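**Student:** Protein sequences appear in the order of chains A and B. Be aware that the first sequence starts at 632, since it is given in this note's numbering, and climbs by one per residue. Be aware that the second sequence starts at 632, since it is given in this note's numbering, and climbs by one per residue.
Hints were generated in silico from the structure; no laboratory data involved. Here the structure is a predicted model, which is why all the values come from computation and not from measurement. Cβ atoms here follow ideal geometry from the backbone N, Cα and C, with glycine treated the same way. Hints are not guaranteed to be accurate.
[Stated by the list, open to error] Incomplete in silico selection of chain B near chain A, CB under 7 Å: (1) A794; (2) C798; (3) T827; (4) F828; (5) G831.
[To be verified] Keeping only pairs whose Cα atoms sit at most 30 Å apart, straight-line, the calculated DSBU-like set for lysine-lysine is: (6) B:K673 <-> A:K642; (7) A:K817 <-> B:K782; (8) B:K702 <-> A:K809; (9) A:K809 <-> A:K705; (10) A:K809 <-> B:K706; (11) B:K673 <-> A:K817; (12) B:K705 <-> A:K817; (13) A:K734 <-> B:K809; (14) B:K702 <-> A:K786; (15) A:K688 <-> B:K809; (16) B:K786 <-> A:K782; (17) B:K786 <-> A:K809; (18) B:K734 <-> B:K673; (19) B:K705 <-> A:K706; (20) A:K786 <-> B:K673.
[What the hints assert, rightly or not] Only some residues are given here: those of chain B computed to face chain A with a beta carbon under 7 Å: (21) V658; (22) M744; (23) L757; (24) I802.
One letter stands for each residue in the lines below.
There are 2 protein chains.
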Amino acid sequence: MGSKQRREREKEALRQDILDAARELFVEEGYENVSMRRIAEKIEYSPTTIYLYFEDKAALLFAICEETFAKLAKKLENIMQQYADPIEALERGCRAYVEFGLKNPNHYRVTFMLQPDRKFGAEHYLREGSMGMRAYDRLRECVYACIREGKLREKDVDAVSQAIWACNHGITSLLITKPDFPWAGKNRLIDLTISTFIEGLRR
Amino acid sequence: MGSKQRREREKEALRQDILDAARELFVEEGYENVSMRRIAEKIEYSPTTIYLYFEDKAALLFAICEETFAKLAKKLENIMQQYADPIEALERGCRAYVEFGLKNPNHYRVTFMLQPDRKFGAEHYLREGSMGMRAYDRLRECVYACIREGKLREKDVDAVSQAIWACNHGITSLLITKPDFPWAGKNRLIDLTISTFIEGLRR
DNA sequence: TAGTATGCTTTACGGCGTTAAGTAACAGTA
DNA sequence: TACTGTTACTTAACGCCGTAAAGCATACTA
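With the sequences and hints as input, model every part of the structure.
**Tutor:** See the structure below:
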């Protein structure tokens with residue numbers, strides 16, 4: 632009587648199909664420009680079926696962002712292991728963060744740039760245990776290592792981590808939002824921003 | 632026969648009423664959460680009347696943002712005049728920028744954080760001659776003065792200006808988007824971010 | 001006073017996210 | 001095998017949205 636398990640598997644498969652369709656559309660066209668109806672059309676189900684698998688559009692997005700930010704957290708973990716010098720690890724991590732954002736602009740926008748909705752938004756994506764928070768914790772550890780080795784002039788781990796994050800976020804989000812601005816060379820600008828900030832942190 | 636002029640004045644007055652109503656609602660509830668119908672209700676006209684004065688919702692928003700960013704540009708101009716030392720002017724300017732963003736979060740969001748739409752967005756708000764661009768030019772001049780006085784290690788005016796902008800934008804937009812994140816003290820964080828970056832720029 | 005331009009409204013279109021009600025296929029039991 | 005309940009999905013509908021087209025008074029002009 633394995634039919635129960637088969638049905639279970641089929642349900643899971645459809646859930647994944649929804650996720651895949653939504654991801655593809657969101658990444659291509661941006662969250663706000665994709666309707667539930669279009670996602671449904673893509674998987675050839677009725678729009679309301681999606682609601683049997685996800686609470687609402689925001690939940691769908693959240694699931695996708697968690698996937699993506701798990702990747703970022705992993706990437707950062709790898710970098711942390713790879714470089715013994717925490718300052719070098721920090722710099723590499725910053726670059727990886729920005730690159731990640733530019734490579735996944737729609738995920739990035741949705742997670743870090745969308746408006747603070749009463750219900751969703753902030754606490755949803757950066758709540759304890761979320762992948763976004765896990766990525767932040769990697770940064771925090773790296774900063775802690777820098778401070779422990781006496782390489783920074785400021786000793787408040789959280790303040791420094793958040794300042795670094797702000798700086799990285801600034802360059803990432805501006806490049807995403809204003810692609811047509813006459814930037815002084817994107818890569819040059821990323822380099823300058825990150826290296827200047829780290830220089831400013833050093834004792 | 633001054634009735635023509637009177638009518639002209641009345642039209643202008645209604646245009647301002649629309650702008651005032653829209654500004655108030657946008658600031659209170661955020662652009663996406665305000666409908667044309669609600670703006671119309673507030674001024675006690677039919678929704679379509681608004682379209683006789685503004686091309687669409689985005690144009691309404693654009694007009695409001697121009698107003699607001701003219702204020703920022705002016706503020707920055709004042710600061711530039713007030714401080715002889717360009718480095719000090721720079722630091723004050725950065726603080727003013729962040730403060731301005733936090734005080735007008737909805738304007739800020741709309742001008743610097745909204746998605747790059749095919750039709751509007753980027754080039755609309757930061758096109759040549761716009762108030763946003765004028766504010767950027769103030770920053771640019773200040774950076775130029777710093778370089779001329781040999782106070783910075785990097786000499787590319789645009790690259791430096793944009794890096795500073797990125798940094799300011801980062802802290803501003805993060806604080807707006809994630810008000811519930813456990814920040815290490817907002818003011819402390821703003822201070823640290825700005826002063827660290829400027830420290831990194833100095834020669 | 002007739003005709004026209006102006007300024008606003010009514011109506012309507014095609015979309016949206018989401019809920020509630022309905023249905024057809026299947027599973028388990030008698 | 002016939003009945004019953006459950007599961008998985010669909011259809012229909014609600015109340016929004018931005019916006020275009022057409023209609024309708026009022027005020028001005030000739």
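**Student:** Evaluate each hint against the coordinates.
**Tutor:** Okay, the hints, checked on the actual structure:
no., hint, verdict
1, A794, "4 Å, holds"
2, C798, "5 Å, holds"
3, T827, "4 Å, holds"
4, F828, "6 Å, holds"
5, G831, "3 Å, holds"
6, B:K673 <-> A:K642, "48 Å, violated"
7, A:K817 <-> B:K782, "24 Å, holds"
8, B:K702 <-> A:K809, "22 Å, holds"
9, A:K809 <-> A:K705, "28 Å, holds"
10, A:K809 <-> B:K706, "23 Å, holds"
11, B:K673 <-> A:K817, "44 Å, violated"
12, B:K705 <-> A:K817, "29 Å, holds"
13, A:K734 <-> B:K809, "22 Å, holds"
14, B:K702 <-> A:K786, "37 Å, violated"
15, A:K688 <-> B:K809, "20 Å, holds"
16, B:K786 <-> A:K782, "27 Å, holds"
17, B:K786 <-> A:K809, "24 Å, holds"
18, B:K734 <-> B:K673, "24 Å, holds"
19, B:K705 <-> A:K706, "44 Å, violated"
20, A:K786 <-> B:K673, "52 Å, violated"
21, V658, "13 Å, violated"
22, M744, "5 Å, holds"
23, L757, "6 Å, holds"
24, I802, "4 Å, holds"
When the structure is compared with the earlier hints, violations turn up for hints 6, 11, 14, 19, 20 and 21 and for no others.
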